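Given the sequences, and given the hints that come with them, work out the whole structure.
Under our numbering, the first residue of the sequence shown carries the number 1, and numbering increases by one thereafter.
Just so you know, the hints here were simulated from the structure itself, not pulled from any lab data.
Since the model is a prediction, treat every value here as computed from it, not as a measurement.
We put the CB at the ideal spot given by N, CA and C, even for glycine.
Mixed in with the good hints, there may be bad ones.
[To be verified] Computed beta-carbon distance windows for the label pairs:
no., residue 1, residue 2, range
1, T140, E19, 35 to 45 Å
2, D48, G117, 27 to 37 Å
3, D147, K6, 38 to 48 Å
4, I14, D181, 25 to 35 Å
5, H135, T29, 12 to 22 Å
6, D13, N71, 25 to 35 Å
[Stated by the list, open to error] When the alpha-carbon atoms are kept at most 27 Å apart in a straight line, the in silico DSS-like pairs for lysine-lysine are as follows:
no., residue 1, residue 2
7, K6, K20
8, K61, K45
9, K74, K41
10, K45, K74
11, K61, K121
12, K6, K61
13, K43, K61
14, K130, K43
15, K43, K74
16, K41, K20
17, K130, K74
18, K45, K20
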Amino acid sequence: VVPTLKDVAIQSDIIVYDEKLNILQRTPTYNAELEIADFLKNKVKYNDVLNWDWQSYTNIKDGTLTEEQRNVLKVFCESNVVILDAPSGTGKTSATQALITMLEDNDLTYTLIAPTGIAAKVLSETTGRKAGTIHRTIGTSGSIDTDILILDEISMCGISHMSMVCPALSEYTKLVMIGDDAQLAS
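Encoded structure:
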């Protein structure tokens, strides 16, 4: 059956065959993945470096950030895309709170979002700031006017979520994605 599927896919508008990877994929999914990858590659390629004293934000109300948590602040200042991936209970919230304090002290706007209402509520409760869902925040405007987008529970985001988020951001918006790869997939 596989050789026949390949021949059908090569001639199809609804299925893409990637010969290099030897995979079949629905065309909309394939195109969405390409757009997301291109978006992220462009973000990483042109980093806006912030010459901030990020080390002065390593002391938080509950103590001092660990080396890994401090690295989040450093990488944020050096990169347009930051991925904070760590298991539950390892200090993602503390690193996020330090980052938010640094953003507020430097007068940058930020938006906190999550893929679900429950995740947005938890994000709001843990940071003490307003957070919304991806769908509600992007809404009908299709854009997010912010300097920094902090996207929590990234492991719960699928292609449809990222296909909304990526085109909603300006070329100048930094993206911080927070997640736990031990979570269930989207």
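Now the hints, each set against the structure:
1. At about 39 Å, the CB distance of T140 to E19 agrees with the hint of 35 to 45 Å.
2. D48 and G117 have their C-beta atoms about 32 Å apart, which keeps the hinted 27 to 37 Å range intact.
3. Checking the proposed 38 to 48 Å range against D147 and K6 shows it holds: the Cβ atoms sit about 46 Å from each other.
4. For the pair I14 and D181, the beta carbons lie near 31 Å from each other, so the given range of 25 to 35 Å is met.
5. For the pair H135 and T29, the beta carbons lie near 19 Å from each other, so the given range of 12 to 22 Å is met.
6. For the pair D13 and N71, the supplied restraint of 25 to 35 Å is violated, since their beta-carbon distance comes to about 46 Å.
7. Between K6 and K20, the direct Cα distance comes to roughly 13 Å. Compliance with the 27 Å bound is thereby established for this hinted pair.
8. The hinted pair formed by K61 and K45 fails the criterion: a straight-line CA distance of about 35 Å is larger than 27 Å.
9. At roughly 20 Å between alpha-carbon atoms, K74 and K41 fall within 27 Å of each other, so this suggested pair holds.
10. Simply put, K45 and K74 have alpha-carbon atoms about 18 Å apart, close enough for the 27 Å limit, and the pair holds.
11. Pair hint K61 plus K121 holds up; C-alpha atoms about 22 Å apart against a cutoff of 27 Å.
12. Taking the CA atoms of K6 and K61, the gap is about 59 Å. The hint is violated against a cut of 27 Å.
13. Using a Cα cut-off of 27 Å, the hinted pair K43 and K61 is violated, with the two alpha carbons roughly 32 Å apart.
14. Note on K130 and K43: the hinted pairing holds, with a Cα-Cα distance of about 26 Å set against a maximum of 27 Å.
15. Between K43 and K74, the direct Cα distance comes to roughly 17 Å. Compliance with the 27 Å bound is thereby established for this hinted pair.
16. Distance hint between K41 and K20 is fulfilled; the C-alpha atoms sit about 20 Å from each other, no more than 27 Å.
17. Taking the CA atoms of K130 and K74, the gap is about 24 Å. The hint holds against a cut of 27 Å.
18. A threshold of 27 Å between alpha carbons decides the hint, and for K45 with K20 the separation of about 24 Å falls inside it, so the pair holds.
Comparing the model with each numbered hint stated earlier shows that hints 6, 8, 12, 13 do not hold.
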